[in-house]
Amino acid sequence: MKTNQFFLYLLLILLMASCNSENKQGPKGDAKKDRDMFGLGIKRGLLQNTEGLADGYAMYVVPNSASTYLINRKGEVVKRMERQLWLGLFVFERRWLHLSKRG
Amino acid sequence: MSDDGSIYQNVDDPDFPVFAGGGESGRLQKISWDNKVLWDFEYSNEEYCHHHDFTVMPNGHILAIAWEAKTVEQALAAGRKPELTPKAGIWPDKIVEIEPQGLHGGKVVWEWHSWDHLIQDFDPKKANYGKPADHPELLNINAGEPLEPAITQDSFDILLAQDKIPWRNQTLENEGSDIYHLNAIKYNAALDQITFSSPHLNEIFIIDHSTTTAEATSHKGGRRGKGGDFLWRWGNAQNYSRGDSTTQQLFGQHDVQWIKEGMPGAGNMLVYNNHPPGSIDSDKRGSDSLNYSAVYELTPPVDVKGNYVIEPGKPFGPEKPTWEYTAPDKLSFYSSFISGAHRMKNGNTFINEGARGRFFEVTPDGKTVWEYANPYRGEIRKLNGDPNSPIPMAYSLFRASFIPADHPGLAGRKLVPIDPQPQPFKLPPPPPEKKK
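So the sequences go chain by chain: A and B.
Be aware that the first sequence starts at 1, since it is given in my numbering, and climbs by one per residue.
Be aware that the second sequence starts at 104, since it is given in my numbering, and climbs by one per residue.
It should be emphasised that the hints constitute simulated quantities derived from the structure, not laboratory data.
Small disclaimer: the values here were computed from a predicted structure and weren't measured.
Fair warning: there could be bad hints in the mix.
[Said to hold, decoys possible] Here are the simulated lysine to aspartate or glutamate pairs, DMTMM-like style, with alpha carbons at most 25 Å apart:
{"#": "1", "chain 1": "B", "residue 1": "Lys408", "chain 2": "B", "residue 2": "Asp237"}
{"#": "2", "chain 1": "B", "residue 1": "Lys433", "chain 2": "A", "residue 2": "Glu76"}
{"#": "3", "chain 1": "B", "residue 1": "Lys363", "chain 2": "B", "residue 2": "Asp347"}
{"#": "4", "chain 1": "A", "residue 1": "Lys74", "chain 2": "B", "residue 2": "Glu400"}
{"#": "5", "chain 1": "B", "residue 1": "Lys139", "chain 2": "B", "residue 2": "Glu200"}
{"#": "6", "chain 1": "B", "residue 1": "Lys448", "chain 2": "A", "residue 2": "Asp36"}
{"#": "7", "chain 1": "B", "residue 1": "Lys448", "chain 2": "A", "residue 2": "Glu82"}
{"#": "8", "chain 1": "B", "residue 1": "Lys323", "chain 2": "B", "residue 2": "Asp224"}
{"#": "9", "chain 1": "B", "residue 1": "Lys139", "chain 2": "B", "residue 2": "Asp522"}
{"#": "10", "chain 1": "B", "residue 1": "Lys228", "chain 2": "A", "residue 2": "Glu82"}
{"#": "11", "chain 1": "B", "residue 1": "Lys529", "chain 2": "A", "residue 2": "Glu51"}
{"#": "12", "chain 1": "B", "residue 1": "Lys470", "chain 2": "B", "residue 2": "Glu400"}
{"#": "13", "chain 1": "B", "residue 1": "Lys470", "chain 2": "A", "residue 2": "Glu82"}
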């Protein structure tokens with residue numbers, strides 16, 4: 001079951017990579033065309049910026065890591081904070097793939 | 104982020120017992136701007152365990168969500184249906200207010216238990232018997248999702264061997280014990296009220312925090328005179344028999360919160376609705392077609408005294424969101440789980456589409472003006488040294504927040520791009536084909 005699932009996602013990634021190579025859209029277009037909920041094939045990093053926005057930063061915990069990043073409006077990492085132990089809020093959701101009624 | 108630049112975070116406690124079901128952490132930490140542990144507090148044992156979310160109060164106390172274990176006997180005595188009761192018992196949620204003390208200490212100074220506010224119409228010989236429709240301020244202990252179909256121990260062992268049982272304490276007996284799965288909590292200091300979200304009930308709630316702990320166990324007391332009973336609830340009136348599936352508004356929602364003072368819409372509530380009505384049946388999560396998410400801004404109806412209003416026989420309002428965001432094409436914005444949103448000072452809304460690890464800023468008319476997709480992933484491994492599979496949640500985020508440049512925690516900080524920048528994560532190539 002796991003092997004089948006792995007190959008299914010690999011196939012999905014390859015298909016999306018193939019689509020991207022033929023259709024040179026901007027990052028916005030790539031993100032919107034990808035119907036995979038996890039976005040494994042979309043362009044990553046800064047996708048869109050607009051002049052005149054409120055000055056500030058985005059903060060988030062990097063998955064599968066002890067790091068928290070602050071990102072500026074240009075998509076650059078300006079601060080990395082590290083906690084001692086691992087945040088446990090990510091592996092749990094994998095269960096969702098097996099038992100659909102979890103959130 | 105705190106005003107001194109420190110941050111509070113959930114941390115995976117290495118040895119919490121009993122509990123499983125997702126979002127377990129059992130431990131809270133406060134980390135300084137320069138990465139020193141200022142507070143490291145364990146809140147887990149065989150009777151309770153912190154999970155999913157917490158919020159920091161203005162006085163520095165922490166309001167945290169926690170499971171508490173109830174035996175089968177306790178569940179049945181409270182009116183829980185036997186067919187909804189796992190062999191391990193049930194783990195209804197409680198909320199605890201923790202006063203941090205020293206480096207590792209914490210004192211619970213206030214608490215609220217969902218267990219104290221139950222009703223059931225299943226068995227008149229058991230506790231809490233009554234008509235749920237007459238008591239929207241109480242929680243029907245039999246509301247929520249049915250148990251998953253039972254599997255054999257052999258099947259369970261196979262899933263375990265296949266690494267498909269990701270929760271450390273998960274057993275055949277405790278599947279379904281996490282009956283409410285609270286996944287978000289916020290505090291409104293002006294109202295002295297707490298809001299929280301239960302995706303298993305598909306509802307968001309407000310309770311009074313101005314009670315004493317003793318009053319919070321009861322139906323009287325506090326600023327609103329209702330003790331620890333619900334002041335307001337929204338999203339699924341089926342749970343109190345004042346609605347049906349056609350009137351359900353929330354499906355698996357996350358990140359409920361009040362819009363903060365000084366921001367457009369202040370006092371209203373925001374919630375990320377993972378599956379709005381019409382997008383998909385909630386039983387079919389996981390399909391990648393015709394699904395979409397929405398962000399709702401809600402205006403709970405209140406009277407001149409600030410009491411939440413509910414008309415006889417009807418569910419709590421509002422009937423519709425005050426504001427709503429969906430993607431212009433509906434389908435390009437979707438995360439069936441995790442995710443969140445919050446209002447910014449300029450009136451825009453900052454949204455985290457969690458599964459994809461994409462966060463973006465939209466104007467009130469729904470125009471995207473900034474957008475970023477997380478390219479990073481760490482290298483934490485399992486205890487046995489094996490890597491954690493990046494498929495499919497390679498870039499997924501539980502939360503992402505916009506921190507304005509004038510936040511006190513950033514005052515005087517030198518915020519220039521670090522050099523070198525972290526290396527983006529690239530999915531590994533597929534394994535070589537085996538020769539037949």
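* Given the hint that lysine 139/B pairs with glutamate 200/B, test it: the Cα-Cα distance must not exceed 25 Å. => Holds, at about 24 Å.
* Asked: If you draw a straight line from the CA of lysine 323/B to the CA of aspartate 224/B, is it 25 Å or shorter?
  -> Given pair lysine 323/B, aspartate 224/B holds - Cα atoms ~22 Å apart, limit 25 Å.
* Keeping to a limit of 25 Å between CA atoms, is the pair of lysine 433/B and glutamate 76/A held or broken? -> violated (29 Å)
* Within 25 Å, alpha carbon to alpha carbon, are lysine 139/B and aspartate 522/B? -> Holds, at roughly 22 Å.
* To do: Given the hint that lysine 470/B pairs with glutamate 400/B, test it: the Cα-Cα distance must not exceed 25 Å.
  => holds (16 Å)
* Asked: For the pair supplied as a hint, lysine 408/B and aspartate 237/B, is the alpha-carbon distance within the 25 Å limit?
  -> holds (23 Å)
* Asked: Keeping to a limit of 25 Å between CA atoms, is the pair of lysine 74/A and glutamate 400/B held or broken?
  -> Violated, at about 28 Å.
* Has the given pair, lysine 363/B with aspartate 347/B, been kept, meaning a C-alpha gap of at most 25 Å? -> At roughly 32 Å apart (the allowed maximum being 25 Å), aspartate 347/B and lysine 363/B break the hint.
* To do: Please work out if lysine 448/B and aspartate 36/A have their alpha carbons no farther apart than 25 Å.
  => Measuring from Cα to Cα gives roughly 32 Å; hence the hint is violated.
* Restraint status (C-alpha distance of lysine 228/B to glutamate 82/A at most 25 Å) -> Violated - the C-alpha atoms of glutamate 82/A and lysine 228/B are around 54 Å apart, more than 25 Å.
* Hint consistency between lysine 448/B and glutamate 82/A [alpha-carbon to alpha-carbon, up to 25 Å] -> Given that 25 Å is the threshold and the Cα spacing comes to 28 Å, the pair is violated.
* Pairwise hint evaluation, glutamate 82/A against lysine 470/B, where the allowed Cα distance is 25 Å at most -> violated (34 Å)
Checked against the numbered hints listed earlier, the structure breaks hints 2, 3, 4, 6, 7, 10, 11 and 13; every other hint is satisfied.
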